[in-house]
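Read off the chains here:
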Amino acid sequence: MHWYQWIALITAAICLAGFSYHFARLIRLGKPKDYAHPSGKPASGIAYSFTAGMNPVNKESAFLHLPTYAAGIIFHLASFAALVLFFVLLAGLTPGPGTSMVLAVVAFAGAMAGIAMLIKRMTDKKLKILSSPEDYLSNALVTLFQLMTGLVLLSESVYPAYLLVSAALFLYMPFGKLKHAIYFFAARYHLGLFYGRRNVWPPKA
Amino acid sequence: MMEKPTKEQIQAGLAVLKDLQDSKLLTHLNSCVHCGLCAESCLYYLTTGDENLIPAQKVDMVSSIYRRYCTLTGKVAPGLVNARKLDEATITEMVDKLYGACTMCGRCVKHCSIGVDIEYVIRAGREMLARMGYVPESLQATVDAALETGNNMAIADEDFLDTIEWMEEEMQDELEDPEAQIPINKKGVNVLYTLNPREPMFFPLSISAMAKIFHMAKESWTLSTNMYDVTNYAYFSGDPEHGKTIARRMLDEVHKVGANKLVLAECGHGARASRWEAPNYLQEKFPETVTSVEQIAQYLKDGRIKTDPALTAERVTLHDPCNLVRGGGVMKEQRYIMKHVASDFVEMTPHGMDNFCCGGGGGQLAMSEYNERRIKIAEIKAEQIRKTGAGIVVTPCHNCVDQLSQINHTYRLNVQIKTIAEVVADALLPEVGENPQPQP
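Going down the list, the protein sequences come from chains Y and G.
Start counting the first sequence at 776; every next residue gets the next number (this note's numbering).
Start counting the second sequence at 27; every next residue gets the next number (this note's numbering).
Hints should not be assumed to be uniformly reliable.
[Claimed, not checked] Taking lysine-lysine and the DSS-like style, the derived pairs with C-alpha atoms no more than 27 angstroms apart in a straight line are:
1. G/Lys402 - Y/Lys834
2. Y/Lys979 - G/Lys111
3. G/Lys101 - Y/Lys903
4. Y/Lys808 - G/Lys311
5. Y/Lys806 - Y/Lys900
6. Y/Lys816 - G/Lys358
7. G/Lys327 - Y/Lys808
8. Y/Lys806 - G/Lys311
9. G/Lys402 - G/Lys287
10. G/Lys327 - G/Lys244
11. Y/Lys903 - G/Lys402
12. G/Lys44 - Y/Lys806
13. G/Lys111 - Y/Lys900
14. G/Lys287 - G/Lys270
15. G/Lys311 - Y/Lys816
16. Y/Lys834 - Y/Lys816
17. Y/Lys979 - G/Lys413
18. Y/Lys979 - G/Lys358
19. G/Lys44 - G/Lys270
20. G/Lys101 - Y/Lys979
21. G/Lys332 - Y/Lys979
22. G/Lys287 - G/Lys244
23. Y/Lys900 - G/Lys402
24. G/Lys282 - Y/Lys903
25. G/Lys111 - G/Lys30
26. G/Lys212 - G/Lys270
27. G/Lys44 - Y/Lys808
28. G/Lys44 - G/Lys30
[Stated by the list, open to error] Now the stretches of chain Y that chain G is said to cover, found in silico as 3 or more residues with beta-carbon under 8 angstroms:
29. 838 to 847
30. 893 to 904
31. 919 to 931
32. 938 to 952
Calculated directly from the structure, the hints in this document are not laboratory data.
C-beta: ideal position from N, C-alpha, C; glycine also.
Bound-form chain Y, shown alone (with noise of 0.2 angstroms):
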């Protein structure tokens, strides 16, 4: 192996680690104790908060920001798509050239739509006044990524560039908040549990 492929396995050996301590540490502690006799089913209410309670028809967030909230379901989905991609790389398969073409595509879309999330955050008052540096940092970082991994699929001159970048990613992506690539997971539970237990969730007819 290379040293920059080392590079990248160690600090993907350092960014499982370091989710699996948020990980672990959010089991450890584990389902709020209630008190309160639930109206509702816990269960149903979490099932919901994955499927109909991300519902772009549901919620303000996505049907008042249609154009945000697609670039953001391409940008998540990209992202998802370049680091499965990145083992693969990285254990030496290579995908054949139709694939591969249709990744890069995949990976170029993410990276156009973090671009103009990044554009929008650095334009939107809104988004300015909440924005703190790691904010544009994450989003560059993400979007640097998956440009690399669409530039890495058609021409295999940039792996060593890649796994740098992606090497810088993954010693980050721990430490700040692109760790919600796992508390997301935990956010819709908790929603769901609650919702569920109040009855508030899934919505009654």
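On the provided structure of chain Y, position chain G as indicated by the hints.
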């Protein structure tokens, strides 16, 4: 700028975040991605256009402190992640945003792109401020009144009993039944009923309305002079110890009276505080606890009371209290009741889970320093009401009644504001008969 906090105060505030043992709070402190898409779900932002008042900003007030003291990145590079020190400037901003610019309506929670329980984080922020002694004086005075006198309006027992006696006479005259009673401190009853102290103080007719319903339903019930206050403003001030004291009084009284069931008066936060939060303050199970809305709906379903919707000729609309609907899951029951008491009922847009707060929640009505803001944010509710064309606005919450009455005046809506018990009492038919028939 307020008085500079001492080291002890700062430590007391930070204790809420340090050594966190609550996976829910830990989750929500780490989940906001600063997308800002919650802005349009918040009536403060919608009515003022102030970018500093969007829900994510309020979450960040608390999570930025968490980052500063409880995360590696926040300790090493606070500037990078906007990790804030808990000092007087931060506290001043926290008080303004968390007490003065949030009704804790929870509307943003449902619409958050991630699912951050924003209201829960704000409660944690208020708890920090309460532990440091920065609860706004007016709100703290309301809590103190409850702690010292047993009710948040400091009504003397003698005045309370006079009002109850007066209402009992009114009811007897109306029903032409000298046996009709408002029982006080009766033991071994089925129901211990509570009140919002605004009722004996300002709206006594809502007491006689509910008494009339209990009477017609042939319910075995009582009020208690020891503890009738359904509210628990410590839920809003954020002090769990005060919340616990008030909750303890309520639970003890249910046991003392020997009631099977606790029925909570029409009060959104009171219902939430007693039904959902009190067992957790005390870490004890409560006996069966229901809101009066659920109780009345059950009487109608069981045929224990009968109503005639034709008796309410005017168009009626319904305002959903946030704590009852989003915070308590009571949504169908009030609509079932409306079907039985109003011939011309129209919903607001939006309503139910998506309903906008009246603007008086979160303790806003108790905090006179934010009056101007409170009336300003009610623009949305005023417009919602106006669009229905209704002459009567019904709401199962005395806090909402107060706020709606003020916006009725300010925004010249020319509507009547009533509680559920009042409209039901108006539509009650005198006799149910020996074998009550369930209502469809």
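To see whether the hints hold, each was checked on the structure:
Between G/Lys402 and Y/Lys834, the direct Cα distance comes to roughly 25 angstroms. Compliance with the 27 angstroms bound is thereby established for this hinted pair. Restraint check for Y/Lys979 and G/Lys111: not satisfied, since their Cα atoms lie roughly 44 angstroms apart, outside the 27 angstroms limit. Between G/Lys101 and Y/Lys903, the direct Cα distance comes to roughly 23 angstroms. Compliance with the 27 angstroms bound is thereby established for this hinted pair. Distance restraint check for Y/Lys808 and G/Lys311: the Cα-Cα separation of roughly 12 angstroms lies within the 27 angstroms cut-off, and the hinted pair is therefore satisfied.
For the hint pairing Y/Lys806 with Y/Lys900, the CA-to-CA distance comes to about 38 angstroms; that exceeds 27 angstroms, so the pair is violated. Of the supplied pair hints, the one linking Y/Lys816 and G/Lys358 holds, its CA atoms being roughly 16 angstroms apart against a limit of 27 angstroms. As the CA atoms of G/Lys327 and Y/Lys808 are separated by approximately 34 angstroms, the hinted pair breaks the 27 angstroms bound. Taking the CA atoms of Y/Lys806 and G/Lys311, the gap is about 18 angstroms. The hint holds against a cut of 27 angstroms.
Distance check on the hinted pair: G/Lys402 and G/Lys287 sit about 40 angstroms apart at the alpha-carbon level, beyond 27 angstroms; violated. Of the pairs offered as hints, the one joining G/Lys327 and G/Lys244 holds, with about 15 angstroms between alpha carbons and a cut-off of 27 angstroms not exceeded. Of the pairs offered as hints, the one joining Y/Lys903 and G/Lys402 holds, with about 25 angstroms between alpha carbons and a cut-off of 27 angstroms not exceeded. Proximity of G/Lys44 to Y/Lys806 is assessed by CA-CA distance (about 19 angstroms); at most 27 angstroms being required, the pair is judged to hold.
In summary, the hint linking G/Lys111 to Y/Lys900 is supported, as the alpha carbons are separated by about 24 angstroms, within the 27 angstroms threshold. This hinted pair checks out: G/Lys287 and G/Lys270 have alpha carbons roughly 20 angstroms apart, not beyond 27 angstroms. Between G/Lys311 and Y/Lys816, the direct Cα distance comes to roughly 18 angstroms. Compliance with the 27 angstroms bound is thereby established for this hinted pair. The hinted pair formed by Y/Lys834 and Y/Lys816 meets the criterion: a straight-line CA distance of about 22 angstroms does not exceed 27 angstroms.
In summary, the hint linking Y/Lys979 to G/Lys413 is supported, as the alpha carbons are separated by about 25 angstroms, within the 27 angstroms threshold. Only pairs whose Cα atoms come within 27 angstroms are accepted, and Y/Lys979 paired with G/Lys358 is accepted, the gap being roughly 8 angstroms. For the proposed pair G/Lys44 and G/Lys270, the alpha carbon gap of about 22 angstroms is at most 27 angstroms, so the pair holds. The hinted pair formed by G/Lys101 and Y/Lys979 fails the criterion: a straight-line CA distance of about 46 angstroms is larger than 27 angstroms.
Distance hint between G/Lys332 and Y/Lys979 is fulfilled; the C-alpha atoms sit about 25 angstroms from each other, no more than 27 angstroms. Pair hint G/Lys287 plus G/Lys244 holds up; C-alpha atoms about 15 angstroms apart against a cutoff of 27 angstroms. Proposed proximity of Y/Lys900 and G/Lys402 is supported: the alpha carbons are some 22 angstroms apart, at most 27 angstroms. Among the hinted pairs, G/Lys282 with Y/Lys903 is inconsistent with the structure: their alpha-carbon atoms are about 57 angstroms apart, more than 27 angstroms.
Of the pairs offered as hints, the one joining G/Lys111 and G/Lys30 holds, with about 13 angstroms between alpha carbons and a cut-off of 27 angstroms not exceeded. Between G/Lys212 and G/Lys270 the CA atoms are separated by roughly 25 angstroms; this keeps the pair inside 27 angstroms, and the hint holds. Proximity of G/Lys44 to Y/Lys808 is assessed by CA-CA distance (about 19 angstroms); at most 27 angstroms being required, the pair is judged to hold. As the CA atoms of G/Lys44 and G/Lys30 are separated by approximately 22 angstroms, the hinted pair is consistent with the 27 angstroms bound.
Three residues within the 8 angstroms Cβ limit are the bar, and the segment 838 to 847 of chain Y against chain G gives 5, so the coverage statement holds. A stretch counts as covered by a chain when three or more of its residues have a beta carbon under 8 angstroms from one of that chain; for the segment 893 to 904 of chain Y and chain G the count is 5, and the coverage holds. Counting residues of the segment 919 to 931 of chain Y whose CB lies closer than 8 angstroms to any CB of chain G gives 0, which falls below the minimum of 3, so the coverage claim is violated. With 3 residues having a Cβ less than 8 angstroms from any Cβ of chain G, the segment 938 to 952 of chain Y passes the three-residue criterion, so the hint holds.
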